[in-house]
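We have chain A; now place chain B onto it with these hints.
Line by line, the protein sequences are chains A and B.
Following my numbering, the numbering of the first sequence begins with 1 at its first residue and continues without gaps.
Following my numbering, the numbering of the second sequence begins with 207 at its first residue and continues without gaps.
Worth flagging that the hints you see were computed from the coordinates, not collected in a lab.
It is possible that some hints are incorrect.
Now the in silico label distances, taken between C-beta atoms and shown as ranges [unchecked claim]:
1. Ile211/B x Arg175/A: 47 to 53 Å
2. Val217/B x Asp41/A: 54 to 60 Å
3. Thr100/A x Asp312/B: 37 to 43 Å
Listed next, the stretches of chain A that the computed footprint assigns to chain B, with coverage defined by at least 3 CB atoms under 8 Å from CB atoms of chain B [as the list claims (entries may be wrong)]:
4. 73-87
5. 148-157
Straight-line alpha carbon distances no greater than 27 Å define the calculated BS3-like cross-link-like pairs of lysine-lysine that follow [as the list claims (entries may be wrong)]:
6. Lys220/B x Lys113/A
7. Lys227/B x Lys304/B
8. Lys311/B x Lys105/A
9. Lys304/B x Lys153/A
10. Lys65/A x Lys307/B
11. Lys227/B x Lys153/A
12. Lys167/A x Lys237/B
13. Lys109/A x Lys239/B
14. Lys113/A x Lys236/B
15. Lys153/A x Lys261/B
16. Lys239/B x Lys170/A
17. Lys304/B x Lys102/A
18. Lys167/A x Lys310/B
19. Lys204/A x Lys220/B
20. Lys120/A x Lys236/B
21. Lys220/B x Lys105/A
22. Lys220/B x Lys109/A
23. Lys237/B x Lys73/A
24. Lys170/A x Lys310/B
25. Lys153/A x Lys237/B
26. Lys102/A x Lys310/B
27. Lys102/A x Lys261/B
28. Lys153/A x Lys307/B
29. Lys227/B x Lys120/A
30. Lys62/A x Lys261/B
31. Lys113/A x Lys307/B
32. Lys261/B x Lys170/A
33. Lys109/A x Lys304/B
34. Lys237/B x Lys102/A
For glycine and all other residues, C-beta sits at the position ideal for the given N, C-alpha and C.
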Amino acid sequence: MLEGFIKWFKSLFGKKKTVSLGLYGSPNTGKTTLANKISLDWLGEPVGTVSEVPHETREVTKKEKILIESDGKKLDMNLLDMPGIASKVDYRDFVTFGMTPKEAKNRAKEATKGIIEAIKWLEHVDAALVVMDASEDPYTQVNLTILGNLEAKRIPVILVANKVDRKDAKPNRIREAFPQYSIVEVSALTGHNMDSLYDTITTKLG
Amino acid sequence: MTLQIEFISSVALKPLDEQGKRNYILRSVKKNKIVVLDGMLTPEEEKNLIQETMKSIDGQFPGIEISTLGKNEDDLRVKLIRLLGGTIGGMTVIGPSKLVKEIKKDPNRLNLLANAGD
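The shape of chain A in the complex, shown without the other chains (with noise of 0.2 Å):
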């Protein structure tokens, strides 16, 4: 409560020059792609690798300074690309995909501290967007963990439906299931309706 208080008390003096900017969700949702596409439009370069073996980013990465541009409305921000928040790590899913037992192992033992280091920016980051597999279930218990800890500390939220050129994308899932956030649906792989999402960032934290 108190630091709502203190938020609300430093919103009355203007808003911050240079915004926080996380991005959340369960693993494979295609976070990285997505940030990767918004460092490449707008830097130039990628923020960090991207694979279909799960919890492939494992520590919070940053990409400092990027000041996106849409419709004259401009907002500088720090990007953190997450690891994906999952409530299970189980080092046999990583050995389906062709690692020894040794390195998925190590592989899992890296992503649960990924797992707690996402969770402990929970409460910093300014602004979120929570990236959705727009192919899967969006009703699931760690987007609404996420959801609801990003509510309680009163942080502006941006759902992203990612991925909506696959051909079993259903985003309206996503939207009968949180009615009451901001949707933008993309496909960051593609880069289809990236200008809705920047249009989106800049209007609502700029």
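Coordinates of chain B only, in the frame set by chain A:
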């Protein structure tokens, strides 16, 4: 494998602080029990439970499946009841992920898929 489900009333957890509640849940889940709590965890309690779970993960314990059912936290009445120390009903289901494969959720229903065959 025998499937054991532990139903816990809100009265049983009332004397425990948040950490005590978390430890109790994780102890039971690590014993391969599916825990059904009378009441909802707050988003902060869920977040802390996930963090604590991550610290406990090893080759034998790959984590938990968790789902809550009940009134949304952004409901003003719910916030007021919580602020006054009251309970708001609902339930929370937590199980070991090596046993509970999935908890499918819609706003008013939970479907738990468990694998008790190993």
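Consistency of the hints with the structure:
1. Ile211/B x Arg175/A: 47 to 53 Å: 35 Å, violated
2. Val217/B x Asp41/A: 54 to 60 Å: Holds: the Cβ-Cβ distance is about 55 Å, inside 54 to 60 Å.
3. Thr100/A x Asp312/B: 37 to 43 Å: 40 Å, holds
4. 73-87: n = 3 at 8 Å, threshold three: holds.
5. 148-157: holds (count 4)
6. Lys220/B x Lys113/A: Violated - the C-alpha atoms of lysine 113/A and lysine 220/B are around 31 Å apart, more than 27 Å.
7. Lys227/B x Lys304/B: Between lysine 227/B and lysine 304/B the Cα gap is close to 22 Å, so the pair holds against 27 Å.
8. Lys311/B x Lys105/A: 30 Å, violated
9. Lys304/B x Lys153/A: 33 Å, violated
10. Lys65/A x Lys307/B: At roughly 42 Å apart (the allowed maximum being 27 Å), lysine 307/B and lysine 65/A break the hint.
11. Lys227/B x Lys153/A: Roughly 23 Å separates the two Cα atoms, so the pair holds.
12. Lys167/A x Lys237/B: 42 Å, violated
13. Lys109/A x Lys239/B: 24 Å, holds
14. Lys113/A x Lys236/B: This hinted pair holds, its Cα atoms lying about 20 Å apart.
15. Lys153/A x Lys261/B: 24 Å, holds
16. Lys239/B x Lys170/A: Violated, because 35 Å separates the two Cα atoms, which is more than 27 Å.
17. Lys304/B x Lys102/A: 20 Å, holds
18. Lys167/A x Lys310/B: 23 Å, holds
19. Lys204/A x Lys220/B: Cα-Cα ~41 Å, so violated.
20. Lys120/A x Lys236/B: 24 Å, holds
21. Lys220/B x Lys105/A: 38 Å, violated
22. Lys220/B x Lys109/A: The given pair, whose Cα atoms are some 34 Å apart, is violated under the 27 Å limit.
23. Lys237/B x Lys73/A: Judged against 27 Å, a Cα distance of about 55 Å means the pair is violated.
24. Lys170/A x Lys310/B: Holds, at roughly 17 Å.
25. Lys153/A x Lys237/B: At roughly 34 Å apart (the allowed maximum being 27 Å), lysine 237/B and lysine 153/A break the hint.
26. Lys102/A x Lys310/B: 32 Å, violated
27. Lys102/A x Lys261/B: 19 Å, holds
28. Lys153/A x Lys307/B: 31 Å, violated
29. Lys227/B x Lys120/A: 20 Å, holds
30. Lys62/A x Lys261/B: Since the Cα atoms of lysine 62/A and lysine 261/B sit roughly 24 Å apart, the hinted pair holds (cutoff 27 Å).
31. Lys113/A x Lys307/B: Holds - the C-alpha atoms of lysine 307/B and lysine 113/A are around 23 Å apart, at most 27 Å.
32. Lys261/B x Lys170/A: 35 Å, violated
33. Lys109/A x Lys304/B: 17 Å, holds
34. Lys237/B x Lys102/A: 26 Å, holds
When held up to the earlier numbered hints, the structure conflicts with 1, 6, 8, 9, 10, 12, 16, 19, 21, 22, 23, 25, 26, 28 and 32 and fits the remainder.
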